[in-house]
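Protein chains in written order, with our numbering: chain W, 137 to 494; chain L, 131 to 447.
In case anyone wonders, no lab produced these hints; they're calculated from the structure.
From the three backbone atoms N, C-alpha and C, an ideal C-beta is built for every residue, glycine too.
Careful, some of the hints might be misleading.
[Claimed, not checked] Not everything, but these chain L residues come out facing chain W in the computed CB check (under 8 Å):
hint: 1; residue: G246
hint: 2; residue: F375
hint: 3; residue: L432
[Claimed, not checked] What the simulated footprint calls covered on chain L by chain W, stretch by stretch (three residues with Cβ under 8 Å from a Cβ of chain W suffice, anywhere in the stretch; the number is not a length):
hint: 4; segment: 225 to 233
hint: 5; segment: 377 to 383
hint: 6; segment: 418 to 428
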Amino acid sequence: MFYREAGQFKTSYKSDQALMPILQDRMGLAAILMIAFVLIPAFANDFFLTSIMIPFLVFSLAAIGLNVLTGYCGQLSLGTGAFMGVGAYAAYKLTTIFPDANVILMVLVSGVFSAAIGAVFGLPSLRIKGLYLAVTTLAAQFFLEWCFIRIPWLYNYNASGAIEIPRREVFGVIVTGAEATPIARYFVVLGITVLIAFLMANVLRGRIGRSWMMIRDMDIAAELMGIRPLQTKLLAFAVSSFICGVAGAMMVFFWLNAAEPSSYSIRLSFQILFMVILGGLGSLSGAFMGAAFIWILPVILKFVPGILGFDIAAETVEHATFMIIGALIIFFLIVEPHGFARLWQIAKQKLRVWPFPY
Amino acid sequence: MLYDIFIDPFVQMYQMPDFFLQVLWEGFVAGILYALIALGFVLIFKASGVFNFAQGIMVVFAGLTLVGLNENGVPAYLALILTIGVMGVLAYGVERVVMRPLVNQPDIILLMATIGLTYFLIGFGEFVFGGEPKQMITEQLGLPTGSTAFEFGDRGLVILQHIDIAAAVIAILMVAALAIFFNKTRIGRALRAVADDHQAALSVGISLNQIWAIVWFAAGLVALATGIMWGARSDVSFALEIVAFKALPVLILGGFTSIPGAIVGGLIIGFGEKIGELYWGGLVGGGIESWLAYIIALIFLLFRPQGLFGERIIERI
Numbered sequence: 137m138f139y140r141e142a143g144q145f146k147t148s149y150k151s152d153q154a155l156m157p158i159l160q161d162r163m164g165l166a167a168i169l170m171i172a173f174v175l176i177p178a179f180a181n182d183f184f185l186t187s188i189m190i191p192f193l194v195f196s197l198a199a200i201g202l203n204v205l206t207g208y209c210g211q212l213s214l215g216t217g218a219f220m221g222v223g224a225y226a227a228y229k230l231t232t233i234f235p236d237a238n239v240i241l242m243v244l245v246s247g248v249f250s251a252a253i254g255a256v257f258g259l260p261s262l263r264i265k266g267l268y269l270a271v272t273t274l275a276a277q278f279f280l281e282w283c284f285i286r287i288p289w290l291y292n293y294n295a296s297g298a299i300e301i302p303r304r305e306v307f308g309v310i311v312t313g314a315e316a317t318p319i320a321r322y323f324v325v326l327g328i329t330v331l332i333a334f335l336m337a338n339v340l341r342g343r344i345g346r347s348w349m350m351i352r353d354m355d356i357a358a359e360l361m362g363i364r365p366l367q368t369k370l371l372a373f374a375v376s377s378f379i380c381g382v383a384g385a386m387m388v389f390f391w392l393n394a395a396e397p398s399s400y401s402i403r404l405s406f407q408i409l410f411m412v413i414l415g416g417l418g419s420l421s422g423a424f425m426g427a428a429f430i431w432i433l434p435v436i437l438k439f440v441p442g443i444l445g446f447d448i449a450a451e452t453v454e455h456a457t458f459m460i461i462g463a464l465i466i467f468f469l470i471v472e473p474h475g476f477a478r479l480w481q482i483a484k485q486k487l488r489v490w491p492f493p494y
Numbered sequence: 131m132l133y134d135i136f137i138d139p140f141v142q143m144y145q146m147p148d149f150f151l152q153v154l155w156e157g158f159v160a161g162i163l164y165a166l167i168a169l170g171f172v173l174i175f176k177a178s179g180v181f182n183f184a185q186g187i188m189v190v191f192a193g194l195t196l197v198g199l200n201e202n203g204v205p206a207y208l209a210l211i212l213t214i215g216v217m218g219v220l221a222y223g224v225e226r227v228v229m230r231p232l233v234n235q236p237d238i239i240l241l242m243a244t245i246g247l248t249y250f251l252i253g254f255g256e257f258v259f260g261g262e263p264k265q266m267i268t269e270q271l272g273l274p275t276g277s278t279a280f281e282f283g284d285r286g287l288v289i290l291q292h293i294d295i296a297a298a299v300i301a302i303l304m305v306a307a308l309a310i311f312f313n314k315t316r317i318g319r320a321l322r323a324v325a326d327d328h329q330a331a332l333s334v335g336i337s338l339n340q341i342w343a344i345v346w347f348a349a350g351l352v353a354l355a356t357g358i359m360w361g362a363r364s365d366v367s368f369a370l371e372i373v374a375f376k377a378l379p380v381l382i383l384g385g386f387t388s389i390p391g392a393i394v395g396g397l398i399i400g401f402g403e404k405i406g407e408l409y410w411g412g413l414v415g416g417g418i419e420s421w422l423a424y425i426i427a428l429i430f431l432l433f434r435p436q437g438l439f440g441e442r443i444i445e446r447i
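Construct the entire structure; sequences and hints are all you get.
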């Protein structure tokens, strides 16, 4: 009804190739950005910011990172949690070595370390494919987790074995440490996430992204058509790990304040993988939708019994949450294996031809 | 440093053969248990091409059901039979609710569905039986619990737990039974036909749904045996789920489709892990057991991407 493209003429190649050629899409994105940048900071309370919006954005970014690797390049990875951990520990080391440097910059630089490690663990991908590759990324997961525990240099020889984020200011505003306000953290996280998402939207539709998709769809054919598999796959691993590393660093710097090695365990890897699959493989908006579903649903479930007036033990709720999430995952996979992104596309298509069925 | 890596461990092995044999035995038992978990994976992968991530949690679930029933006053053997029944119901339910609607989907979707199943079973298991570790009812089931010490000369002694021996025997019996089942019975032949080609099997009148339910049930039985054995060595808890990840390197070592591969892979990982941990682990601060198995598998894979016994991967455009 409102979603019609009739009358929107494209008069140049440039406008035809625009990221969002349809006016309503652009307006929708503008509205979402408006809500994120203006309305939420203006009206949301601290609880909403710290336990819903910040983790949601962090996980969205991590899901985008994994989506680059699994959704666009077709390399199944179960090591996301560890790559996020690399980013977190790298950022922690950087900010304790250079206490005066801009901490946001340090968080972004930490992604470079995680990219390097991701590329190293991506090397076997040239020879090993599919589920076999998933197991080699498990090697990365468990090996790196072991490193976080056994190399005391990484956590500055703390007695607790955990990393605690010191207080840092950027342009006079405290953004990390216990005293930082949720609003400041939120803006930093939102800024980084939007920036990287925008960059990736452009990378993915360009030459690099298309070569990743060729590798995903059929690697031998892609090779015959002149895509160099080693470079392309390693680049996917590096870019994916970079984004995951930044997300991991943000997770501890702007959300948790402190992290143990177990924060970056295999559970986290699975959580991110769920977000990617449920959101839709190979879709950026899907990463956001998947993250929203997997993160926000348990938070809501936690409060539902209280609102309805039932008095249920916290343990029972947790068990029930596990069951509901597991069942919903299976349900959504059956209903739409291509994820929420495909559902959204179908909905848009229906809107476009409304009131006719097709 | 080089001495510590290349010479010292071997000197130790020679000087203390009793300790070395003990380590080998430990590795053997661990390997058998990994192989049992891997066996469950292989069964399902062979018949339906599904990589069943839930096998680990099925082990826990089977063990918990058995112990939980016994705690509520059901005699041990009756509890065993009831647990087999529960695994049957589970197999039928999984086939009906998860597998049938998802037929013909890409691998990764099926993998995710089994991970979803894992979450569901974790929640369900904790909901019904509680989260605390439980003691396995070893004695009530008539399994031996003692241990025997073998002395040899003046060089020391090796202690073998009877339950470990029982585990090894049961594993061997189970593999033999599965081999006979696959090769000699009518259903076994149908299973192999389905594994070869779903459509061809359908066209000669084999019911895919029935076969899948049977396979999941067989995997459930393997899970139950694994749960009993593993539970007898430590206790039955959800920590076992992490141990089940160890079955993955075992699987890729042996190849996803090979039953002997699962056994050989399990033994290689078991031996490699224990020997590596006890003789070389100290050099880097210990705890390398958590990742050594994956690295061993990774190295094997670099030379044989399809695993030791896997079918050769042929790619066409």
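- Taking each numbered hint in turn, which are not upheld by the structure, reported in ascending numerical order? none
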